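Trainee: Here's the letter readout for the chains.
2 protein chains.
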Amino acid sequence: METLLVVAAAETPVYRARFAQAMPDLHVVGTDEGFDPAAVDYVAGWHAAPGLFATLPGLRAVFALGAGVDALLARDDLPASLPLVRLLDAGMAEQMVEYALFGALTWQRRVHDYDLQQRHRLWRKQPPRTRGETAIGVLGLGSLGGAVAGELARFGYPVTGWSRRPREVDGVRCLHGDDGLVQLLGETDVLVNLLPSTPQTRGLLDRHRLGLLRPGAYLVQASRGDQFDHAALVDLIDDGCLGGALLDVFEREPLPTDSPLWTHPRIRITPHVAATTLVEPAVQQIADNIRRLRGGEPLQGVVDRRQDY
Amino acid sequence: METLLVVAAAETPVYRARFAQAMPDLHVVGTDEGFDPAAVDYVAGWHAAPGLFATLPGLRAVFALGAGVDALLARDDLPASLPLVRLLDAGMAEQMVEYALFGALTWQRRVHDYDLQQRHRLWRKQPPRTRGETAIGVLGLGSLGGAVAGELARFGYPVTGWSRRPREVDGVRCLHGDDGLVQLLGETDVLVNLLPSTPQTRGLLDRHRLGLLRPGAYLVQASRGDQFDHAALVDLIDDGCLGGALLDVFEREPLPTDSPLWTHPRIRITPHVAATTLVEPAVQQIADNIRRLRGGEPLQGVVDRRQDY
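As you go down the protein sequences, you meet chains H and Y in turn.
Using this note's numbering, you'd call the opening residue of the first sequence number -3 and step up by one each time.
Using this note's numbering, you'd call the opening residue of the second sequence number -3 and step up by one each time.
Since the hints were made in silico from the structure, they are not lab data.
Please note that a few of the clues may not be correct.
Since the list can't tell identical chains apart, any single copy or any two copies may satisfy a pair.
What the hints assert, rightly or not - Think about it this way: if two alpha-carbon atoms lie no more than 20 Å apart in a straight line, the pair counts; the simulated DMTMM-like pairs of lysine to aspartate or glutamate are: (1) K121 to E249; (2) K121 to D300; (3) K121 to D32; (4) K121 to E164; (5) K121 to D111; (6) K121 to D231; (7) K121 to D225; (8) K121 to E276; (9) K121 to E29; (10) K121 to D73.
Nothing here was measured: the structure is a model prediction, and the numbers come from that model.
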């Protein structure tokens, strides 16, 4: 019987119960349970202890329990020959659409303005904005970004998408490359960042680039926390250049209690929940891929390590 | 030349400019400008001074600048023979969809929970909810309610609608009558109230009926402020029976500064802006109806005064 090692702490029993239905002939153990390293065929998880993979001589594949694989790529105990597989959607695109739409509506309907008025018991109508007047920019057009851009466009927003290499999404104006990024930022009211964390994207949204956004623009940050400059964001909001931000990811998580982001009246913070991995579709995808491995078929969602995502 | 009297204070110049394009042969004046009462053929507005209509012997129709006509119906200077015409949509349905969707996402994505955690710099993931687990109830299935119910259903929420008399909306389970209301409330997580203000709906959402909602349910109130019991709402939220509310309309507007609603952490207040009248479509509809009057054709949007809406 093959063994899957789950690195998901308290969630191991949930995964075991699901795999018992989806793939009864798979033995599922957690890292905090007794297991024989030599018997482990597969790993599913996020943040395994340093060096763990080097202790698993029979490892045939690593399944990331999420769309982002930067933490796994940064390790030095994953042989280049080992398939590293990411989840394709698994219910995350739907959630990301909701999160981005909530951010877009927050800006369009001036929620932060009205919240601040409410603090002062102030009854004052602000000029309305239509969807057509709300220019959305989506960075990253992979499985999450493409879904978000397409759905926001279907809802009636003018949407521009950007990716490093040329992509196409129905109903979305797609730009690429350095010039495309500068153009998108200058024409965007609500920036939704869904870029993967790679050496190329780290620090991408620096003070200069955030300053290119339209006056009063809003940032929805839901990919990784290492891509933009938090201090610059706060300064730009305080200077009136930006209108606010909805932040789900941070350089350090949990966000340290002394971070000034917690108390800013125009910044809403959520604890890395924009799109959480849903166990059922995750198990389904992993089981499908294990069947492909057994049958000698190519896996779905294998990370191209030269591209870093 | 026919004369239209606009009762919209500071907005009169905006309406005049639009009518100059849509109907150049119409003379447009404001109540704060010099005008000859005997020359007025039409009135467009919200809250005309008491007795104004009795001073206009040539009045042929009154156009409400909104969907709700309760303020006009409550007057005693509008002869029963005079057509009272309401706006049909005029861009308001789109806005109401946005407002209701914002409310639904607020509940589904636990925004109040995370906002309260943010106040305490607390990083804690709450159990996610899917759209399928978010039961929406829409009260009122007229031009606004029908659009909201249909769009929320298309977005993936299970939606039940209710109206006094039987109605049908694509993709929406429609109930009616007293029993239907009780059934809807007991199965609703997010209640969107879009009922018109009539003698039948005033006080409809009293303490008892609000208490029928599912535990932790959320109220989106965007029609009129005389339909529910604000004190009961606050009590039910404080008791943990309800999860919060998004309120746009109130019994007294502006909401008095001493209202406890202003400072409640689970109540978001907007100043009657859920759906504002957009000048361009409003002028288009009024001009179309004036052309119909001139041509002896039936008007669109005439209020059936026996039904109060």
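Trainee: Each hint: holds or not?
Mentor: Comparing the hints with the structure gives:
For a Cα distance limit of 20 Å, the shortest separation of K121 from E249 across copies, 12 Å, qualifies, whereas the shortest one inside one copy, 38 Å, does not. Within a single copy, K121 and D300 get their C-alpha atoms no closer than 51 Å, and across copies no closer than 31 Å, so neither meets the 20 Å cut-off. Proximity of K121 to D32 under the C-alpha cut-off of 20 Å is found in neither arrangement, the shortest distances being 66 Å within a copy and 32 Å between copies. Within a single copy, K121 and E164 get their C-alpha atoms no closer than 39 Å, and across copies no closer than 34 Å, so neither meets the 20 Å cut-off.
Taking the shortest Cα distances, K121 and D111 sit within 20 Å of each other inside one copy (12 Å), while across copies they are farther apart (24 Å). Taking identical chains as interchangeable, the C-alpha atoms of K121 and D231 are never at most 20 Å apart, the minima being 27 Å within one chain and 28 Å between chains. In the homo-oligomer, the alpha carbons of K121 and D225 never lie at most 20 Å apart, since the shortest distance is 33 Å inside one protomer and 24 Å across protomers. With identical chains, the CA atoms of K121 and E276 are at most 20 Å apart between copies only, with a shortest distance of 19 Å across copies and 45 Å within one.
For a Cα distance limit of 20 Å, the shortest separation of K121 from E29 qualifies neither inside one copy, at 59 Å, nor across copies, at 24 Å. Taking the shortest alpha-carbon separations for K121 and D73, neither the intra-copy value of 58 Å nor the inter-copy value of 30 Å comes in at or below 20 Å.
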